[in-house]
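K.L.:
This is what each chain is made of:
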Amino acid sequence: MSIEPLVIFIDDDDDLRRATAQMLELSGFRARVFSSAKQALSDITGSFPGVIATDIRMPDMNGLQLFGRVRAIDPELPVILTTGHGDID
Amino acid sequence: MHFNVRIVAQWSRMESIRLISARSNDQTLRVATWLPRGWLATGVGGLVAFAILVIAALVAGRVAADRAVDGLVDLARAGLPLATATLAGEIEKQRLIPLTLARDPDVIALLGTYDSNAEANLDRKLKDIAEDAGSTVIYVIGADGRTLATSNFNEPDSFAGVKFPFRYYFRDAMTYGVGMQYAQGAVSARPGLFLSRRVEGSNAPLGVVVVKVELDGVERTWRASGALVSVINEEGVVIGTTIPDWRFSTLSALKEPEIGTVREHLQVVDDKPLATVPIRQQGELTIAEIDGKPTVLVGTSRSVGPSAPGWRLMLLLYADPIITRARLDGQITAVLAFSLLVALGRITWRRRQLQATRRAALTQMNTELEERVEERTDQLKRANLALAAEMAERENAETKVQRLRDELAQANRLSILGQIAAGVAHEMNQPLAAIGVYAHNAKCYFETGKSASGADSLDQIAALTEQIANKTEALRSFARRAPSAATFLTVDDAIDGALSLLSGRLREAGVSVIKPSRDPALRVMASRIRLEQILVNLLQNALDALRGRPHPRIEVQHAASAGNVQLSVRDNGPGLDPAIRTMLFMPFATSKENGLGLGLVISSEIARELGGYLKLTPSDEGACFTLTLPRA
Chain A
12 MSIEPLVIFI
22 DDDDDLRRAT
32 AQMLELSGFR
42 ARVFSSAKQA
52 LSDITGSFPG
62 VIATDIRMPD
72 MNGLQLFGRV
82 RAIDPELPVI
92 LTTGHGDID
Chain B
16 MHFNVRIVAQ
26 WSRMESIRLI
36 SARSNDQTLR
46 VATWLPRGWL
56 ATGVGGLVAF
66 AILVIAALVA
76 GRVAADRAVD
86 GLVDLARAGL
96 PLATATLAGE
106 IEKQRLIPLT
116 LARDPDVIAL
126 LGTYDSNAEA
136 NLDRKLKDIA
146 EDAGSTVIYV
156 IGADGRTLAT
166 SNFNEPDSFA
176 GVKFPFRYYF
186 RDAMTYGVGM
196 QYAQGAVSAR
206 PGLFLSRRVE
216 GSNAPLGVVV
226 VKVELDGVER
236 TWRASGALVS
246 VINEEGVVIG
256 TTIPDWRFST
266 LSALKEPEIG
276 TVREHLQVVD
286 DKPLATVPIR
296 QQGELTIAEI
306 DGKPTVLVGT
316 SRSVGPSAPG
326 WRLMLLLYAD
336 PIITRARLDG
346 QITAVLAFSL
356 LVALGRITWR
366 RRQLQATRRA
376 ALTQMNTELE
386 ERVEERTDQL
396 KRANLALAAE
406 MAERENAETK
416 VQRLRDELAQ
426 ANRLSILGQI
436 AAGVAHEMNQ
446 PLAAIGVYAH
456 NAKCYFETGK
466 SASGADSLDQ
476 IAALTEQIAN
486 KTEALRSFAR
496 RAPSAATFLT
506 VDDAIDGALS
516 LLSGRLREAG
526 VSVIKPSRDP
536 ALRVMASRIR
546 LEQILVNLLQ
556 NALDALRGRP
566 HPRIEVQHAA
576 SAGNVQLSVR
586 DNGPGLDPAI
596 RTMLFMPFAT
606 SKENGLGLGL
616 VISSEIAREL
626 GGYLKLTPSD
636 EGACFTLTLP
646 RA
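So the sequence lines, in the order shown, correspond to chains A and B.
With my numbering as the guide, the letters of the first sequence map in order to residues 12 to 100.
With my numbering as the guide, the letters of the second sequence map in order to residues 16 to 647.
Same shape as in the complex, but just chain B (with noise of 0.2 Å):
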């Protein structure tokens, strides 16, 4: 449907202009400021898109009315020639029917001899034939104009015997030898097409053959056709159609001369005034009234052709019905159309709005997650430098733990260097008393001449020095602030150095101490001065519970197992109260009078320090304190 199609590319041009001003948001907002906003808005939305609609279906509908005006016009013209066809077809048959009759012998025969019975011969023959080609009647006239024979003898308004010598097609034959004349039927009324032929005679013409045809299968035919077909003479004067109350009217009105002489030519017998036919031409259109109703109709006209000169053949279409139909086809078209339009842009907007509402959700999405892997990126630097703080703390504080450990062991160790002072000064005094007897010695032997005897005196006082001095060193090395660096030491060094260190406390207070077989063997991994406080503390801690006691022993051990080295000392004291055992490796818990209760709880750091630890260890008699190491 083309027409549909040009509607279509009408509103998709007004929708696209209506989407491109919407396409820009400023627009769009600049719209907005004027447009009412809330129920107003779509109010006046509504009844600007109703009165868009509303036009759109004039115009669809009148576009659509003219496409089938056209249509029409296209099928009138095409049907024209087949019903102008028809009426030619007929009346060229018909024309054959006087041409053949004209030199008929027995038509020859009667206008010459006037023999009632060839009379009566004829007016059979020419029945025959009336009926054979559907000709209303077949007469013939003779030369008077007198009807000698006709086919319609025996009907009662027979034209046998009546005279026409007045009428055209029987003037116009004797004359001419042929004649036409469409007229009202003399005796009949009934109006017919008259073709007459002249029968030649051998001086003068005998008479004339006529055939009526009225027409009406013609106009039967046309009528089933379903058009309005009206055929019109030279004179603009209806005479065959399929509307019989126009027949004999005229196209134009006429005047007052013009109305006689057509009168004259149709030869009406009635005297009923020319009717004009109620036609009126509107464009395209042609406004008819029949049965008193104005009808719409669509046609065209051509002459008949050489078959009856003159004459021109009107058909005409019915159009209301098409033209409605196609007014509210492209109507309904067009709110289809802009239905769907406005569905199509309802939804291209709507995604549009969806894409945008989306996008603007992902941007936000977006943004808000940066933001917040910032803020957590934020949150873990914080927290990493807060970690980082509280480690250098924790370092600082394990550090100054670790320093005040030191300080402790350090101070542990100078209060062991007192205590053991008088007992070291003992020791010192014992070698120097020998080597000023050693020296006394020499010197006598020098002056008796003995001097091998004054060199071994010598001798002895160089072992004594040294002697001393090995005590000093033992001594300043226990006293030095920073221990020396970890060595595998034999545990029996330990033990020689602790006692040495002691020696002076344990010779005084008369204890007798029990020392293990050596053992080269039993190496540790550990400072020799770390071990010897150890040592130092487990032996004062013995001193100390031996004092005042009979018969004080001390007795130091060592044993081996798989990968560990046990030193043990044990006394023969009065061992330890149960109710200080729980808090013996607790700071400051001490059962001495002037202890400060540090002894076992540094000792038993260092034994950690060494990969160790430090335990009392149950005991028959006195107390038992046993160092495990791992052996090295």
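Just chain A, same shape as in the assembly (with noise of 0.2 Å):
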């Protein structure tokens, strides 16, 4: 059995965050979830073996500025960002 690919999903909406982790899972990923980007930091190493999944939109640290750190620590590890909001301002 291969390794499972491992996905680390930040959001600081619960319901959405709950859902993405179970949706993850049933697609056969490992899924990490972290409320907020602070708490994800202290699990992200160089030696990452996965994908950052994150929310723009968030208080203190958003998406973005996630973005930043993990390019940072690794310009290699894939990072996905999402938004509710659909339009780019």
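Simulated from the structure, these hints should not be mistaken for laboratory data.
It should be emphasised that the depicted structure is a prediction, and the values quoted were computed from it without experimental measurement.
It is possible that part of the hints are untrue.
Stated by the list, open to error - Over 12 Å on every C-beta distance to chain B, these chain A residues come out as not near it, computed from the model:
#1 E15
#2 T31
#3 S53
#4 D85
#5 P86
#6 P89
#7 I91
What the hints assert, rightly or not - Distance ranges between label pairs, derived from CB positions:
#8 D635(B) - D71(A): 20 to 28 Å
#9 A575(B) - L92(A): 42 to 50 Å
#10 D25(A) - A575(B): 30 to 38 Å
#11 M598(B) - L92(A): 25 to 33 Å
#12 G39(A) - D592(B): 56 to 64 Å
The C-beta atom is built at its ideal place from N, Cα and C for all residues, glycine as well.
Taking the hints as your guide, dock the two standalone chains into a single complex.
P.N.:
Printed below as a string of structure tokens:
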């Protein structure tokens, strides 16, 4: 049995976070979910073997800030930014 | 005084006629039309009054004089018996003297013997008797007519030896036994009444005893009574009188043969013609000439009686002063009565006029009062109407203000909705995204036979759907024009509601919201929407103040005092410019570029409507607004 791919998911909305975690597991991913960017950062190292998915709009540290920090740790790490705001300002 | 009463009665009648004529106003007006006005009227009126007065006085005087004459006649009639008795008494008294002496032995003896001693004795006796009885002379005449004894034997004009055979009193006594004659004295020439009596002898009459009375005592008595008394004999000749000039005058002028007879009977010694008493009758009055002056007398007469048959006694009273005084009295009474009546008339007239004036004044006052009351009532009515109109207008205005206020609050809420619209969209997207994911998951679970997990996902979807429904309902009710009625409202619910409405913006702005610990005991009486609107406004202001600030934070707190609940919203923004603080609750005062400046104004209005107030609370950092409401 191959090693299941790992996804870190960050969203401050509890419902969406739980639903997305459920969905990721159903789709065959291992999911680690966080409600804030700061919590997630403590789990991300340079040797992280997965994908990071984060909501953009969040208090304290938003998705884009997290993206900056992640790139500083490892520019190769894949980061997926999601948002409920469909249009682009 | 009977006549006075009569006059008064007469004048009362006249006065009452005048008063009756004056009673009717029409009559007065009619009189006034033909009477000249002013002084002329007064003059004519005065003349008429004076004429009436003069006539009244004359009539009254006349009537009073008539009454006085009647009174005098009565008085004279009353005085007549006394005057007559005086005369008759004297005559009767003197008549006894010859009657007694005719039987006197001394007299008989003298007439029989002609003794000179006896004569001297008798003279003295007669003198004594004459002095006692008040007789003028008593004397005894022999059958031949010669005087044998006399009481005036020692006087100059003594009758002694004088012969009186021609005297009627001698002849009558010799012939009939008695004689009575008023005549002038043959010796003294003084008039007097002679009363004689025959002295009987055994064969033939011896002589006559005579007494002469001059009646001056009687006349004196009459004079003392103040009346004019005369005694007139059967031939109409005045013999005794209180007026000496009238003696031997006749009441009516006599013709020649009668005059002779009269003179003969009187046996007057002088040749004076018989005068007529200067007297004439004028109605009840007797006008006599006394001392050359016409004098008014009132009187009556009667016969003297048996003591002097044929004689009449006339008693007259001096009427002039009494009549004059009575007339004057009457006139004065009339004048007084007239004056009194005129005064009474004037007083009555004046009083009536005064009453009429007063009545007229009263009527006028009444009318004026009524008019005034009516006027005042009208004014009050108008004032009432005006007031009612004003009240209606004010009510209208208040309604307008209320409506305006409601509309402003509504506009404020819609503005809030507009501002939170973007946030709301995000709010919706989150649960919608979650629903989408759960739906996908549920499908997978059911495909793989994990129906329990699929059902769980569906439950999640249901919960999220309800969450969205709640949110839209909150928005819809917030946008509703008419706010819900006031209810008991937990302050925490209102805070949750307000934060929920703004959750999108708050999240987007990354603002930390600190909520108070829940206290269900803190309740107010308010419409939920109203209270939420205030909180949303305060939260929005805080959000605006926090834009671009680091670590933005909003703290909502609540506190309770005795009767109130305090709700405060504090931010850590830049705080308020002191310049803007005083203008915070003024309409259109705003520190925001796109602000209308109505949020705080409307919130303050709502707070007041809920019975509380909203104010800025001093704060170390940022701004803090506190809402105070009565605790429910």
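K.L.:
Does each hint hold? Answer for all of them.
P.N.:
A quick look at each hint next to the structure:
1. E15: holds (16 Å)
2. T31: violated (6 Å)
3. S53: For S53(A), whose nearest Cβ neighbour in chain B is about 21 Å away, the distance exceeds 12 Å, so it holds.
4. D85: holds (26 Å)
5. P86: holds (27 Å)
6. P89: Correct as stated: the minimum Cβ-Cβ distance to chain B is 21 Å, above 12 Å.
7. I91: holds (14 Å)
8. D635(B) - D71(A): 20 to 28 Å: holds (24 Å)
9. A575(B) - L92(A): 42 to 50 Å: Between A575(B) and L92(A), where Cβ atoms are some 47 Å apart, the hint holds.
10. D25(A) - A575(B): 30 to 38 Å: The hint (30 to 38 Å, Cβ to Cβ) holds, given that D25(A) and A575(B) are roughly 32 Å apart.
11. M598(B) - L92(A): 25 to 33 Å: 45 Å Cβ-Cβ, so the 25 to 33 Å window is violated.
12. G39(A) - D592(B): 56 to 64 Å: At 59 Å between Cβs, range holds.
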